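Peer 1: Sequence:
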Amino acid sequence: MSFENLGLKAELLRAIAAQGYTSPTPIQTQAIPVVLEGHDVLAGAQTGTGKTAAFTLPLLQLLDDGTGGHRHPRALILTPTRELAAQVAESVATYGSHLKLRHAVVFGGVGINPQIDKLRRGVDILVATPGRLLDLANQRAVDLRHVQVLVLDEADRMLDMGFIHDIR
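Using numbering that gives the first Met the number 0, you'd call the opening residue of the sequence shown number 0 and step up by one each time.
Check the hints yourself; a few may be wrong.
Unchecked claim - Only pairs whose alpha carbons sit at most 25 Å apart, straight line, appear in this in silico DMTMM-like list of lysine to aspartate or glutamate:
1) K50 - D152
2) K117 - D152
3) K117 - D159
4) K99 - D155
5) K8 - E36
6) K50 - E36
7) K50 - D155
8) K8 - E82
9) K99 - E89
10) K117 - D155
11) K8 - D152
12) K99 - D152
13) K117 - D63
14) K50 - D116
15) K117 - D39
16) K99 - D159
17) K99 - D116
18) K50 - E153
19) K50 - E89
20) K50 - E82
21) K117 - E36
22) K99 - D63
23) K8 - D39
24) K8 - E89
25) K99 - E10
Bear in mind the hints are in silico, worked out from the structure with no lab data behind them. The model shown is predicted, which means the values in this text are computed figures rather than measured ones.
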């Protein structure tokens with residue numbers, strides 16, 4: 000199996016090749032086509048198996064409509080920690096490097112005003128921790144009414160950390 004066989008567009012294939020990847024992992028082979036068809040996916044795999052790319056690549060393809068003119072997030076990726084949020088945002092930037100999609104990452108422990116400024120400029124994909132997302136929502140700094148795709152990365156960990164009330 001190759002990435003080409005998964006139905007990914009040329010811009011994504013170029014970004015994948017630039018990272019030195021030649022063939023998809025099992026989680027990617029199973030998840031990418033299903034996500035591209037618009038289905039929900041619940042997946043689990045060990046660290047280092049390519050889970051982030053398994054949801055990031057089809058997400059980028061689904062959102063890439065070529066306009067780049069969206070102001071409000073169309074995809075929300077929630078992660079339990081700022082470290083994971085930063086890693087996911089880096090994957091979005093890396094794999095989306097040849098696309099016109101905009102993204103932002105927001106998490107606590109840093110100033111909120113630069114994050115608000117970035118959101119005001121418009122993003123297609125928002126990567127966030129639950130606590131900071133709630134802060135932004137309470138300040139009416141983020142509008143989630145246009146979200147088409149929701150990813151809960153490490154959802155089990157978010158529940159273990161007590162974010163269930165925040166997620167509801």
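Peer 1: Against this structure, judge whether each hint is valid.
Peer 2: Structure-based check of all given hints:
{"no.": "1", "hint": "K50 - D152", "in the structure": "holds, 9 Å"}
{"no.": "2", "hint": "K117 - D152", "in the structure": "holds, 22 Å"}
{"no.": "3", "hint": "K117 - D159", "in the structure": "violated, 30 Å"}
{"no.": "4", "hint": "K99 - D155", "in the structure": "violated, 32 Å"}
{"no.": "5", "hint": "K8 - E36", "in the structure": "holds, 14 Å"}
{"no.": "6", "hint": "K50 - E36", "in the structure": "holds, 18 Å"}
{"no.": "7", "hint": "K50 - D155", "in the structure": "holds, 15 Å"}
{"no.": "8", "hint": "K8 - E82", "in the structure": "violated, 29 Å"}
{"no.": "9", "hint": "K99 - E89", "in the structure": "holds, 16 Å"}
{"no.": "10", "hint": "K117 - D155", "in the structure": "violated, 29 Å"}
{"no.": "11", "hint": "K8 - D152", "in the structure": "holds, 24 Å"}
{"no.": "12", "hint": "K99 - D152", "in the structure": "holds, 24 Å"}
{"no.": "13", "hint": "K117 - D63", "in the structure": "holds, 20 Å"}
{"no.": "14", "hint": "K50 - D116", "in the structure": "violated, 30 Å"}
{"no.": "15", "hint": "K117 - D39", "in the structure": "violated, 29 Å"}
{"no.": "16", "hint": "K99 - D159", "in the structure": "violated, 36 Å"}
{"no.": "17", "hint": "K99 - D116", "in the structure": "holds, 19 Å"}
{"no.": "18", "hint": "K50 - E153", "in the structure": "holds, 10 Å"}
{"no.": "19", "hint": "K50 - E89", "in the structure": "holds, 14 Å"}
{"no.": "20", "hint": "K50 - E82", "in the structure": "holds, 16 Å"}
{"no.": "21", "hint": "K117 - E36", "in the structure": "violated, 31 Å"}
{"no.": "22", "hint": "K99 - D63", "in the structure": "holds, 7 Å"}
{"no.": "23", "hint": "K8 - D39", "in the structure": "holds, 21 Å"}
{"no.": "24", "hint": "K8 - E89", "in the structure": "holds, 20 Å"}
{"no.": "25", "hint": "K99 - E10", "in the structure": "holds, 10 Å"}
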